[in-house]
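Asker: Take each chain as given, in its own frame, and dock them per the hints.
Take a look at the letters that make up each chain.
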Amino acid sequence: MVNIVNRIKDFWFLFGRLFPFPIRPGLRRIGSPDKNAPVLITANFELTVRMVMETLKRDGVNAWLLVANTKGINVWCAAGGDHFSTDTVIAALKSSKIEKMVAHRRLILPQLCASGVNVHSLKKRSGWQGRFGPVDIKHLAAWLGSGRPNPPPEHRRVLFPLKDRLIMGTNLGFNNLLFAILPLLLVSWWLPGFWWKSTLLIFAGSILNCAFVFKLPGRPGLQKGLAAGVIAAAVFTVIAVLSLHLNTLALSGWLIWIIVICAYLGYDTPSWSPLWRTDMKELLLGEKSTEVSINPEKCIGCGLCRNVCPAGVFGRDLLSGKSLVLHMERCQACGACAENCPAAAIETNFEGGICSCPTCQILNKLKK
Amino acid sequence: MSTLVYMKILELSPASYDGWMRFLTLGRVDRIKKKIAADWINPGDEVLEIGCGAGSLAALMSQRGARVTAIDISEKMLTEAREKVPDADFHHLTALEIDQFPPEKFNRIVATLSFSELTADELDMVLTLAANLLKSGGLLIVADEVRAAKPWQRVLAALIRGPLTVITFLITQQTTHVIKNFEARLATANFMVRRRQEYLLGTMALFTAQKSDGN
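Taken in sequence, the protein lines are chains A and X.
Under our numbering, the first sequence has 342 at position 343, and the numbering climbs by one with no breaks.
So the number in our numbering is just where the residue sits in the second sequence, counting from 1, plus 535.
Possibly wrong hints are sitting among the right ones.
[What the hints assert, rightly or not] Cut-off 25 Å, straight-line C-alpha distance, at most; resulting in silico cross-link-like pairs (DMTMM-like, lysine to aspartate or glutamate): (1) A/K34 / X/E632; (2) A/K56 / A/D135; (3) A/K214 / A/E153; (4) A/K123 / X/D656; (5) A/K123 / X/E632; (6) A/K137 / A/E53; (7) A/K96 / X/D634; (8) A/K34 / X/D656; (9) A/K99 / X/D659; (10) X/K611 / A/E346; (11) A/K96 / X/D659; (12) X/K670 / X/E632; (13) X/K611 / A/D81; (14) A/K137 / A/D58; (15) A/K99 / X/D656; (16) A/K122 / X/D634; (17) A/K214 / A/E328; (18) A/K122 / A/E346; (19) X/K640 / X/D748; (20) A/K56 / A/E98; (21) X/K670 / X/D748; (22) A/K8 / A/D135; (23) A/K96 / X/E632; (24) A/K96 / X/E718; (25) A/K96 / X/E639; (26) A/K122 / X/E632; (27) A/K99 / A/D33; (28) A/K96 / X/D656; (29) A/K122 / X/D624; (30) A/K122 / X/D656; (31) A/K8 / A/E45; (32) A/K122 / X/E610; (33) X/K715 / A/E45; (34) X/K670 / X/D624.
No lab work stands behind these hints: they were computed from the structure.
Bound conformation, chain X alone (with noise of 0.2 Å):
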């Protein structure tokens, strides 16, 4: 989504971020995140969080009964999440990093917006760790960028995109990327895709995986 663009000068100011992230996504990540929480995750559910950003995600999955361990590489968005979320357990670490967590920990992970972040190797071995960490039937949700299916979508989303790139670079000299084949990444790191769903001109998408049995 284009102006998702405007998340890194976001991540600069974490007092702000969650609200911003809200208005420029025309509340779509709220909603998304609210879908993620009352749809898949249920009390008592063991849940890694990858990149929790200022905790809102975290917040709603801890209200509904999950315990939830959240791992950010921001120290100034943990410091606002743990202010957040007293009953979560964050820890700053890279993604690369989860192996510290006992195998089959969780019965869900999550990531919004995070795995964007990743490089192509750094995602697939991620999803290797992810794999190991979660039971048997647990799920991986992950909420992201993508590249639209639709030529026209992509043109618009590049029309709205390209300028959007300029600015933020101009100020924040960073840029955001799309996760591409990620449904076939997954499928490799032994992932069932079971559902798929779009948002935003189909730049955005939200992934529910479940980890294959006999792995």
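Isolated chain A (complex conformation) (with noise of 0.2 Å):
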């Protein structure tokens, strides 16, 4: 029974994945913890959390896993929306009464929260010590295992590959039918069919756009949105013409809206993935690029923004220990680095914490 209910969460997981999906939060024990056993904290996502103790499971860890209440959204975004905050943690830390099963007070973090989750203050405030694990928990048994401070770099990037972005794009499908099928509909009345069609050129192109687009050269955007557009409707011609008996305006109008759609998915996916950030936001509010500096007289080379940056912007200064930002067009603007360096040495043109997405992006202008 429980099978096939995860059956069917999982076949939701697969559209509706940008959708919170709250579960009860509080603690949950994975094995048989002891007071010496780590405590772990996560988002109250269902996905999350059964992902996590299925994995911590099967890797036979025994720990004390906290579920925050972020409102039912994973760590990531929930970090960046402010529902994954300092404020979060102490919450789900005073109200388990974990203090009383454990002998130390060491917290472990998902690295994603880091956008969120300032160590130092909640060190201040609750007296409990933060640490930043890898951002995939398939890897938290091997670093437990290692004893070392932290997860190896390459546990500690967000990567992309296929099966993501197959994932995302089903996610995107879905997301942006949601919007559409409305005026679809409402359009149908007098081009019966409309939207069935587009329905299926939409969810394709989501899908497609999401898992090559991004694999040809150049940036990201609506210019290379533009361009697979200009394809797209040379293969729909090639295609028409062929087997499609349309008339001129029908095949016109096919192609402007395949045009369209995928302009419209090169704008907005990358703002959806976690390795680039969307162009629109500086075309349309004139904002400049992403901007992240380490002021050197602050620095005190601890070392922290190289362990939370997800995107790798960071290196280390070979001769003084300090931090340096190396890949500049990697930052993804979540705002980790800022928000947990100790000396308040990291300087950024962007606010740390909101969603980069252009709707987003553009209802925060709107708002100030």
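Answerer: So, in structure tokens, the structure goes:
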């Protein structure tokens, strides 16, 4: 029975992953933890908690798992949207009474919550020493076993392999359709069949775009979307001329529609990916590209920025041991570095913890 | 109350927060706050407000001559509140950290639309902590979203609330909640409910509870 329910949930998560799925927050036991067992914390997104519990059980880890009330949102998005903050962690620690279960005060945080959680403030306010674990839960057991202070650099980076891109594609397709379906149905009033043909186009476009267009050379964004649209339109013209007997008006209508869809996907998708930021923000709002700088006078060389950065932006100056900005082009503007820098040495030209998707950016701009 | 679903959007822009709250609750939240200040707050009262937002209730209570201490987890809101009520004492704290105030410091603890943000475990703990902070005979005054008692009210509330929840979520990725079994929770934490008043189709309630003696 549990299995059937989980399979139904899995099916939903193929398409509806962008929506929150809250489960009961609180303390869970993994294996048989004792008073020296590690204490972990995660978001109360159903899929996250299930994956964390299953993975750790499989890896034979005994631990206490605190499920924080992040409103059913996954770790990274919750941290960016202020739902996985220092306050959230303190509330989870205190309401769980975990301090009575363990003899230590060390908390392992998921790395991607670093844009919301400040470990120095956590320590000061709660007495708990926070430490960031790996990005992916499947690397946690190995890190715990290694006894090293930090996970290895390759487990602190967010990658976006084909499998993840396909999942993101199906979810974006579903998301786009939610917004598009009503207008499509309305248009179908005088263009019968328009809605289902467009539905197929949007869905297939979302998946193909997410899975493959990113792989093409050049920066993802509107221009690449337009280019992909022109190619798709050319392919469609060949098919239409050979087999669909469309008149000129209908053909040109479909061509424009295909280019519009591809351009939109090109503009929208980068912001949903963990590797690229949208360039639309710059186009529409006239804002400069992301900038992060480290003040070498203030930097104390603790290396926390290198640990929390999911994009590998920072490096270490071999002589002074201080941090350096090495790969600005990789920055996602999550703000984790600035949030956790104990010396306030990191300056950014963006406000951390704000979603970088175009819609959020524009809404935030309008609110100001 | 269904329109309170929008609360989450409003939390993002503190400057207009109070005005929008007034608009969306048809002036109801304002009236509840005025009622709290007028009926339950006396000059010289030591008041703790949990989740003060932009400080509209803190201002009313301060005007009544109470000494107000208020907490919130939104720094933006606190900045706004500090400007609005310079006399009150504002802290960035979660509700679970109120145990840093000395026991029996307050004779009133108020919370409007903030307890529903807590999880069940958190709420129980906050109520216990609140009981410790109150002097004997002190009052806990809570206004929040509740589950309507009558089925038709619930259906109507769900009909209004359902679509609003979706819209709110699409814009803010957030939802709101109702407090469940609040009276039972109060009893467990050693509070005696003295009064319960309902508003907006029974989806909002104002509770006044007294710390039981012999605690």
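Asker: Between the alpha carbons of A/K99 and X/D659, is the straight-line distance 25 Å or under?
Answerer: 17 Å, holds
Asker: Holds or violated: A/K96 with X/D634, Cα cutoff 25 Å?
Answerer: 14 Å, holds
Asker: Does X/D624 lie within 25 Å of X/K670 when you go C-alpha to C-alpha?
Answerer: 19 Å, holds
Asker: Verify the proposed pairing of A/K122 with A/E346, using a straight-line Cα cut of 25 Å.
Answerer: 23 Å, holds
Asker: Holds or violated: are the alpha carbons of X/K670 and X/D748 at most 25 Å from each other?
Answerer: Since the Cα atoms of X/K670 and X/D748 sit roughly 10 Å apart, the hinted pair holds (cutoff 25 Å).
Asker: Sort out whether A/D135 lies within 25 Å of A/K8, counting only the CA atoms.
Answerer: 21 Å, holds
Asker: Do the alpha carbons of A/K96 and X/E632 lie within 25 Å of each other, as the hint requires?
Answerer: 13 Å, holds
Asker: Can you confirm whether the C-alpha distance between A/K34 and X/D656 stays at or below 25 Å?
Answerer: Given that 25 Å is the threshold and the Cα spacing comes to 22 Å, the pair holds.
Asker: Is A/K122 close enough to X/D624, meaning Cα to Cα at most 25 Å?
Answerer: 24 Å, holds
Asker: So if I understand the rule, the pair passes when the alpha-carbon distance is 25 Å or less; does A/K99 with X/D656 pass?
Answerer: The given pair, whose Cα atoms are some 15 Å apart, holds under the 25 Å limit.
Asker: Keeping to a limit of 25 Å between CA atoms, is the pair of A/K122 and X/E632 held or broken?
Answerer: Holds. A/K122 to X/E632 sits at ~14 Å (cutoff 25 Å).
Asker: Are the Cα positions of X/K640 and X/D748 separated by 25 Å at most?
Answerer: Holds - the C-alpha atoms of X/D748 and X/K640 are around 16 Å apart, at most 25 Å.
Hint violations for this structure: none, all hints satisfied.
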